[in-house]
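A.B. asks: Here is how the chains run, residue by residue.
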Amino acid sequence: MMTLLLILLPLLGALSLFVMKGDAIKKAAFATALIPFVLAIGAWVNFDAAHIGQYALNQAWIPSLGISFSVDMDGLSLLLVLLTTFLTPLIILSTFDRNHKNPLAFYALILVMEMALIGVFVARDAFLFYIFWELALIPIYFISLLWGGENARPITFKFFLYTLAGSLLMLFAIIYLYLQTPTHSFAIDAFYNLELPAETQTWIFWMLFIAFAIKIPVFPFHTWQPATYRENSTPGTMLLAGIMLKMGLFGLIRWLLPVVPQGCIDSANTVVILATIGIVYASAIAIVQKDFKKLLAYSSIAHVGLITAGIFSFTDNGLRGASLQMLSHGVNVVGLFFVADIFLHRTKTLEMKDLGGIRSKAPWFATLFMIILLGSVALPLTNGFVGEFLLLIGVFEFSDVIAAVCGLTVILGAVYMLMAYQKTMLGETSAATSNFTDLTFNEKAVLVPIAIVVILTGVYPKPLFELIEPSVQHILSFINI
Amino acid sequence: MNVLILISCLGLLSLFVGLSDSLRKYSLQVIVAGLAAILVLNFLNWNLENTRFFNDMVNFDNYAVAFSGLILLASMVVFLLSKDQFSFDEKSTGDYYGIMVFTIAGAIMMVSYSNLAMLFIGIEVLSVSLYTLAGSLKDSSASNEAALKYFILGAFATGFLLFGITMIYGASGSFNLIEIANYVNGTAELPYLFYAGLLMMMVGLLFKVSAAPFHFWAPDVYEGAPNIVTSFMATVAKIAAFAAFYRLFSTCFEAAAEQWSLILSAVIALTLIIGNFSALAQTSLKRLLAYSGIANAGFMLLSILALKGDAASALFYYSIAYATASLGAFSVLILLSEDGKTLSIESLRGLGKRNPFVAVLFTIILLSMAGIPPTAGFFAKYFIVSTAISNGYLAISLIAILTSLVGIYYYFKIIATLFADPIEGSEDHFSQKRSYILLLCALITIAVGILPELIIGMLR
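Residue numbers (the numbering used here), protein chains in the order written: chain U, 1 to 481; chain W, 1 to 460.
Worth flagging that the hints you see were computed from the coordinates, not collected in a lab.
Using 20 Å as the maximum straight-line C-alpha spacing, the simulated SDA-like pairs for lysine to any residue come out as follows:
#: 1; chain 1: U; residue 1: Lys-158; chain 2: W; residue 2: Tyr-409
#: 2; chain 1: W; residue 1: Lys-353; chain 2: U; residue 2: Trp-147
#: 3; chain 1: U; residue 1: Lys-101; chain 2: W; residue 2: Glu-424
#: 4; chain 1: U; residue 1: Lys-101; chain 2: W; residue 2: Ile-423
#: 5; chain 1: U; residue 1: Lys-101; chain 2: W; residue 2: Arg-349
#: 6; chain 1: W; residue 1: Lys-413; chain 2: U; residue 2: Pro-154
#: 7; chain 1: U; residue 1: Lys-101; chain 2: U; residue 2: Phe-30
#: 8; chain 1: U; residue 1: Lys-158; chain 2: W; residue 2: Thr-417
#: 9; chain 1: W; residue 1: Lys-413; chain 2: U; residue 2: Leu-161
#: 10; chain 1: U; residue 1: Lys-158; chain 2: W; residue 2: Ile-414
#: 11; chain 1: U; residue 1: Lys-158; chain 2: W; residue 2: Val-406
#: 12; chain 1: W; residue 1: Lys-353; chain 2: U; residue 2: His-100
#: 13; chain 1: W; residue 1: Lys-413; chain 2: U; residue 2: Gly-149
#: 14; chain 1: W; residue 1: Lys-413; chain 2: U; residue 2: Arg-153
#: 15; chain 1: U; residue 1: Lys-423; chain 2: U; residue 2: Ala-284
#: 16; chain 1: W; residue 1: Lys-308; chain 2: U; residue 2: Gln-180
#: 17; chain 1: W; residue 1: Lys-353; chain 2: U; residue 2: Glu-150
Full structure from sequences and hints, please.
C.D. replies: Here it is, written out as structure tokens:
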């Protein structure tokens with residue numbers, strides 16, 4: 001019931017906006033986005049890992065075809081639901097000082113997007129999972145198209161067709177898997193117990209993997225990403241980078257590893273090498289970026305590459321690190337894109353050479369930016385450290401050479417992020433930054449919770465580990481190396 | 001069978017109503033009410049014990065009832081859309097309506113025949129009526145061209161069909177579907193005469209469903225004919241042709257599937273590719289709908305290829321989804337077209353601002369055509385593809401899925417145009433227009449998409 005409520009509330013929220021007018025719309029959107037977060041916290045507090053199916057709801061939907069409306073939250077789902085419900089109100093709040101045209105449609109789309117994302121994370125039926133997966137694409141398509149920059153149209157098309165091509169491959173694979181189940185069912189347990197022959201597993205693996213890899217994006221499927229992030233409106237980028245790419249990572253863990261374990265093991269080398277190439281390549285490009293938002297886009301490719309490599313190490317550390325890093329990356333990247341938005345809003349530029357000297361003008365901003373940035377470069381006692389450390393251990397257990405390469409790029413990450421901080425915040429003020437004002441109340445209300453989560457997760461990650469540990473063990477139990 | 005008699009009577013009635021000047025203005029109400037009554041009677045035939053009528057010429061089984069119901073419903077919607085559409089020839093309105101009702105009679109014969117002679121009569125009644133309707137804009141050269149093109153090519157295809165029927169008769173000694181089926185199942189080595197007949201019938205039917213490479217007539221005829229006639233052709237005629245196609249092949253030719261499935265697979269692949277890629281280049285909404293109709297035909301043919309299992313349900317569900325979406329799109333076309341001008345996609349720019357009601361509903365229709373969940377279009381495509389895969393047609397299913405990506409591209413290009421900023425200073429023709437048919441279609445699209453169980457259970 002709780003799970004269904006979490007799916008339905010954002011949708012009801014979106015509908016309720018239609019009776020509002022003017023400024024009330026954004027406030028109502030924010031308020032309705034807060035309710036699911038409170039619910040998710042409640043679900044976390046009451047979560048009992050020993051009680052399997054605690055939040056399960058299983059309702060026949062199209063019984064003659066073995067399709068059911070089956071949802072549940074285990075630790076991993078709950079972690080991502082927490083992430084989604086935490087970030088959505090912040091994303092809405094981040095728009096309070098900005099004027100977006102046609103606010104009614106804008107906020108309604110964000111809330112529908114939240115519904116679809118939650119649906120993806122809680123679905124326990126492959127058909128339902130696919131429906132939510134596709135559904136999430138529609139609002140972000142419109143957000144990118146209508147509220148994006150000048151070149152939004154071709155770029156949105158590229159992004160949309162790219163991800164849909166992956167989705168369609170996934171659909172084909174899902175139908176095939178469904179027909180292999182003895183009882184013709186889409187239920188997740190039926191998919192987990194398929195035990196297909198190795199050759200079949202290999203091609204099913206690639207069909208599903210490409211769908212997820214495009215979403216994440218893993219090298220070489222990343223070409224849509226930098227331009228899409230760059231051209232999108234800030235809330236759109238936040239949704240894409242903060243939450244939507246987690247759909248792909250989540251898909252790897254939930255719908256790929258246990259379904260075709262042999263296919264995963266056989267292709268793990270290829271995937272890890274691709275991911276590593278992506279990390280090195282994206283870090284190298286990030287270093288030479290002049291535009292802050294593009295730098296963030298490439299650094300995001302590097303981060304998710306490491307998460308992918310960690311998942312394909314098939315180790316306890318790798319998967320725990322990946323789960324935690326999904327949360328941390330989501331929180332940090334939303335914070336950083338908001339920082340970019342503040343630059344753009346105040347100075348009308350994202351060119352780092354035109355910025356500088358902001359720290360003396362805006363101490364609140366400088367401090368909060370610094371905290372989030374340290375989380376992003378994985379300094380000990382921040383959230384990024386816990387996740388990346390575990391990921392590196394996981395990758396090390398898989399291959400020490402690759403772990404060494406990944407480790408070096410973590411250092412590279414620190415280099416370009418700190419350089420960016422230096423260029424934008426320190427030094428002399430420029431023409432663009434001479435009138436830089438410190439954060440408004442609403443802006444603080446976005447960045448302060450993020451900074452708190454960065455530190456809290458870094459200092460005391462234990463409750464989160466307790467949350468995900470059983471799920472990770474369950475997934476790993478399907479993989480016998 | 002009572003449906004067949006009643007619909008013919010309704011056709012006669014509408015001719016008489018059209019004769020008198022004082023009654024003519026009520027002809028639309030008379031026909032819609034008549035169709036509604038026949039629709040109810042039609043569903044009284046559900047689960048009949050004895051389904052065979054007229055010396056076993058007609059078999060009114062549940063398959064026939066379901067498709068007749070859909071055809072009647074779609075026709076009702078077309079009639080509701082047709083208000084003022086024949087105003088160019090006020091005095092002959094009754095004739096046009098009468099011919100349209102006779103077309104429905106032909107369509108119902110095509111979904112319920114159990115004898116090849118009846119199939120032929122059905123197809124002819126439907127086609128001859130449509131040839132006439134396509135040319136109903138007497139002063140328009142495009143309309144005349146459409147009628148002539150349709151007639152000549154259609155007559156050619158009918159020739160193929162008839163030749164095929166005679167060959168099958170020559171081989172099997174019967175026109176009756178059951179007896180042909182018995183002959184096919186009971187003969188170890190079928191003669192070449194039979195295969196030649198089968199191939200000829202297939203060509204004739206593929207022409208009627210506008211599958212490639214027999215599709216060339218469709219875009220020109222669709223474009224030249226009046227909007228209301230095009231919407232009638234694209235829905236009622238097409239669904240009837242598919243229902244007839246499936247009925248013939250599933251009853252008679254299943255045992256010979258090895259021989260024709262490869263040819264049909266090639267036709268499907270060609271249809272999907274040509275339909276989708278040609279649609280990419282279209283600038284006129286009506287022509288785009290013609291090509292998207294061809295692409296949809298490729299999907300529907302998949303159910304004839306699959307033949308077993310849920311194929312009939314899948315075809316029926318797809319027909320509903322396709323009819324709803326097409327009628328929605330045509331209602332937009334009819335609503336926004338100005339007399340005598342083709343509606344270009346570019347002219348829809350800014351509709352989202354000027355008329356959000358129509359733009360949002362049209363978007364739902366387009367999402368369904370593109371096959372995006374949770375609309376009916378998605379489930380229809382899913383259901384047909386999954387039936388095809390379960391019968392072992394993996395490669396062709398993959399082609400169907402991948403070419404639908406091309407479809408998504410051009411449907412979403414329309415959506416992007418709808419919501420783009422209007423051109424500065426351009427005149428606003430659209431803001432006052434409303435269509436409740438469009439609203440109805442959009443609602444059905446979502447309802448049927450979320451609750452497909454209501455329909456897929458019908459033909460199991």
